[in-house]
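Colleague: Residue-level listing of the chains:
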Amino acid sequence: MWNFSVMPPQASTLAPEHDAIFLVLTALTLLFTLIVCVTAVFFVIKYREGTKADRSSPVYENPKLEMVLTVVPTILGLIMFFFGAKLYIAQRTPPKDAEEIFVIGKQWMWHVQHSNGVRENNTLHVPMGRPVKLTMISQDVIHAFYIPAFRTQMYVVPGRYTQIWFNATKTGNYHLFCNLYCGTQHSEMGGTVVVQTETEYRNWLNNGGQNAAPVSMAQAGEKLFNKIGCNNCHGATDSPRAPSLAGIYMSKRKMSDGTVQNADEAYLRESVLRPWNKITMGYGKEMPAYESTLTEEEVLSLIAYMKNPGATKGSSVSSGTSREEGLAAKTDTKNGLAVNAIEAQTTDPAATPTKRRGSLSVGAMAAQKQTEGQK
Amino acid sequence: MSATSTPAHDQPVAEKNYLNAQHTVRSWLLTGDHKRIAVLYLVSVTIFFIVGSFLAGLIRLELMSPSGTMLESETYNKVFTAHGVVMIFFFLIPAIPAVFGNFFIPIVIGARDLAFPRLNLASWYLYVFSGILAVIALCSGGIDTAWTFYPPYSSMYSNSQVTLVIVAAFINGFSSIFTAINIIATIHKMRAPGMTWFRLPLMAWSSYATSVVVILGTPVVAITLLLVLMERAFKLPIFSPELGGDPVLFQHLFWFYSHPAVYIMILPAFGIQSELIANFARKRIFGYHFVAFSSLAIAGLGFVVWGHHMFVSSQSMYESTVFSLLTYLVAVPSAIKIFNWTATLYKGNIRLHAPMYYALSFIGLFTIGGLTGLYLANMGTDIHLTNTYFIVAHFHYVMVGGALTGFLGGLHYWWPKMFGRLYSDTAAKITAIIVFCGFNLTFFPQFIMGYMGMPRRYHYYYFAPEYQIYHILSSLGASLLGVGLILPAIYLTHSLIKGEKASANPWGAHGLEWTIPSPPPTENFTEIPIVTDEVYDFDPVAEHEANLAGKEIELPSESEQPTKVDEPTEAGKE
Ligand SMILES: [Cu+2]
Ligand SMILES: [Cu+2]
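Sequence order for the protein chains is R and B.
Mapping the first sequence onto our numbering, position 351 (from 1) lands on 351, and the numbers just tick up by one.
Mapping the second sequence onto our numbering, position 407 (from 1) lands on 407, and the numbers just tick up by one.
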């Protein structure tokens, strides 16, 4: 405790930029505080009642001085605003080639799913030197996913996806916090971000993290798609029953009210959960709403599947070409029973660098109880 | 000095004043006298301040250890929520407007009472009623949503007394609205002849601006909280996505009020600050018009920046950009005031009494509080800093370093007027220094801790022991601050019993309140004064020369003879 630091570790590409703005602001703050305090103290001493200082021709208004004192801080402020905006936009615009990881927040744990299906709780393994994009949603109340070492944070909101991205620059273990008050065990809702080298990370992923034989998100999605009968309506081509979902991700969809929608994650989510809100041109209200039947994990896996260009064409996702699928193909695909058993059970405590109070399984049970209580 | 038809100075303390006019409890509880209501408010906000400070002490004690040994997490959450609710709704918002606004707005504009005395009394009763509800809620289980009441936690998940506290906050809102209506009406309609808008002391200007914000903002938060209640009680789908609502909508509505609420708390303190600086530098405030209008500008612009609380809430990038830009622009009028106060000191005849100590520490603390706001208005740095202890430190610098220091400054300044007794100036000065040091020691470490990533509202942090040193420093500071806050209670109470009797104008200050006896008679002015001189009408040059010549300090009012003004005044025309 006595060897204290004043700065959090700097472990992402955007962290130095953040710290630069922070330092400039600090310099400006110190400068202005110093100017104000020194002048005030100086005046107080010099013009204390009874001192011999010259008090002739006192000034009561000086529009020119006031203009200067208005314009100079405004300009300085606008410069700081500009750099802040630049950083903010960078923080919120993930690069196209980012590795995608899904995060689900629930009272009081973080559930992470890598694209090849590997899961972990309260720990996030990421590769160094490659952009990683997190798509996040909450299952209950609002949380905030916060990694101080990466200088990044975003609320994790129920009912909508939020995203952050980062590119880690140093291997090591860093704090992960829930930074929005979310109930009794709020302080417990954190863990560790483990930054590994690319090869270490790949090995870790291919060995299934701590759980054996994962099924990739997209494969899980495909299984579910067929199991609950989406494929009864959605086929390889548009049919009178339903539009084809092949290549739907990020395409422009025409709605029956004439608007055009971009089929991003939020759109896909809405189309599955509440299909009647946005009806595709040429169709009616045939599709059932899955709002009350699917868990957030299931929706995420369906979306992962629909993002696959060959989705619903009947071709299996594992033959896909993207990196994630390539990876997934290496893992055992026959063992697919974990699809619906996406529960909080996975992480090996020994692999959790900072062991948190209360074993993970207790946390998981508490989370379970909480959700049951809600139903 | 404002000319009155009774020469103010050296007037013997009136036999009958508002304090001893009547003695029954009933005469206090059913009073229409703005001064008595102000005293009632002073007593009640002090009680809540003690409760809130005690809760703060518990928090600081608990956080000294990284593993949260004393309280249960549930209790801790209820303690910090109660600290926030009590301090914001029951101390900071009403403190200055309902105590000093009530007491002095009529007097400084030359009126006999506020425009609506019964509304004024009703406001105090609503305040007390809501306070009792809140206390019942805290004693019967408490509330654990944090003072921000974010749904869906507050509406669907929390098993605590959310309903009762929301009802309390709702009723409390009406109490502030009533006071605000009163202040606006009084300033518009009841200024004495000759008291033009630009002769109003700046305290009146800032109270006016605050009241506008209260009237425009409070209904929004009241309705928003009511919607949370509806959702909680009747599952009305508004904010919870489970029911089909939008949780981020709540944040927009909440901050639409709660950002301006910051100004509800700090603007009145600006007003007091201007009074103290002008009267103790014995000089008209530098850029009076600028300061007056910047209060109004802050009140207006304060309503267009709420999104800076939501940069990471999932609001769009464009929204964030606009809100950040606007916030930077709003920051400027506040900054101007700091310059103006400092510039006022230039070529003044500065008297260093205890209230001036508070005014000077206000300048230092508020400068830091304001400037650290720029880190949070900056979208880039806010991503990292929001919801950490950096925020906690920032708003305590504004709320405690600004609003509380202003309150204490005002209390020390007007105490002789309100109660007719002088306290020990030395004791008060030492206290001001203790408060200043204790405050900085408490909250400065929190800036560093926040930058290092310590989340706020954490009950323990055993997984991140690097924060402990800062928590310990902060708790040490809090003990010192605690001492600094207990001392005034002692010497001010002592002054009531043993204190020397105060003359009408013990500071040699300028303003109508100093022309009437201390404590003032029930009707304030035996005859309504006619105002002929400008605001803060000191003459530093003449006074200085008199000083050098070794003469007694000559107060402007002594040299002036009562004059009648016949021409119709601005106030008369309205
Ligand atoms: Cu959380
Ligand atoms: Cu704000």
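What the hints contain is simulated information worked out from the structure, not anything from laboratory work.
A few of these clues could be false.
Simulated restraints on C-beta separations [said to hold, decoys possible]:
| id | chain 1 | residue 1 | chain 2 | residue 2 | range |
| --- | --- | --- | --- | --- | --- |
| 1 | R | Ile75 | B | Thr196 | 14 to 24 Å |
| 2 | R | Met250 | B | Met317 | 14 to 24 Å |
| 3 | R | Val41 | B | Ile490 | 27 to 37 Å |
| 4 | R | Asp264 | B | His289 | 17 to 27 Å |
| 5 | B | Gly32 | R | Leu76 | 46 to 56 Å |
| 6 | R | Thr237 | B | Asn159 | 43 to 53 Å |
| 7 | R | Thr237 | B | Thr163 | 51 to 61 Å |
| 8 | B | Thr69 | R | Asp97 | 45 to 55 Å |
| 9 | R | Asn277 | B | Leu61 | 44 to 54 Å |
| 10 | R | Glu286 | B | Leu249 | 22 to 32 Å |
| 11 | R | Ile75 | B | His289 | 15 to 25 Å |
DSSO-like cross-link-like pairs, simulated, lysine-lysine; straight-line CA separation at most 27 Å [what the hints assert, rightly or not]:
| id | chain 1 | residue 1 | chain 2 | residue 2 |
| --- | --- | --- | --- | --- |
| 12 | R | Lys46 | B | Lys16 |
| 13 | R | Lys285 | R | Lys96 |
| 14 | R | Lys52 | B | Lys429 |
By construction, the Cβ of each residue, glycine as well, lies at the ideal position given by its N, Cα and C atoms.
Colleague: With reference to the structure, classify each hint as holding or not holding.
Modeller: These are the hints, each one checked on the structure:
1. About 36 Å separates the C-beta atoms of R:Ile75 and B:Thr196, a value inconsistent with the hinted range of 14 to 24 Å.
2. Hint check: R:Met250 to B:Met317, Cβ distance near 18 Å, so the stated range 14 to 24 Å holds.
3. For the hinted restraint 27 to 37 Å between R:Val41 and B:Ile490, the CB-CB distance of approximately 29 Å keeps it satisfied.
4. Separated by about 52 Å at the C-beta atoms, R:Asp264 and B:His289 break the suggested range of 17 to 27 Å.
5. Between B:Gly32 and R:Leu76, the C-beta spacing of about 51 Å keeps the proposed range 46 to 56 Å intact.
6. The given range of 43 to 53 Å is respected by R:Thr237 and B:Asn159, whose C-beta atoms sit roughly 52 Å from each other.
7. Take R:Thr237 and B:Thr163: their Cβ atoms lie about 55 Å apart, and the range 51 to 61 Å holds.
8. Between B:Thr69 and R:Asp97, the C-beta spacing of about 48 Å keeps the proposed range 45 to 55 Å intact.
9. For the hinted restraint 44 to 54 Å between R:Asn277 and B:Leu61, the CB-CB distance of approximately 51 Å keeps it satisfied.
10. Hint check: R:Glu286 to B:Leu249, Cβ distance near 31 Å, so the stated range 22 to 32 Å holds.
11. Distance hint check: the CB atoms of R:Ile75 and B:His289 are about 24 Å apart, consistent with the given range 15 to 25 Å.
12. Only pairs whose Cα atoms come within 27 Å are accepted, and R:Lys46 paired with B:Lys16 is rejected, the gap being roughly 43 Å.
13. Under the criterion of a C-alpha separation no larger than 27 Å, the hint pairing R:Lys285 with R:Lys96 is inconsistent with the structure, at around 34 Å.
14. Only pairs whose Cα atoms come within 27 Å are accepted, and R:Lys52 paired with B:Lys429 is accepted, the gap being roughly 25 Å.
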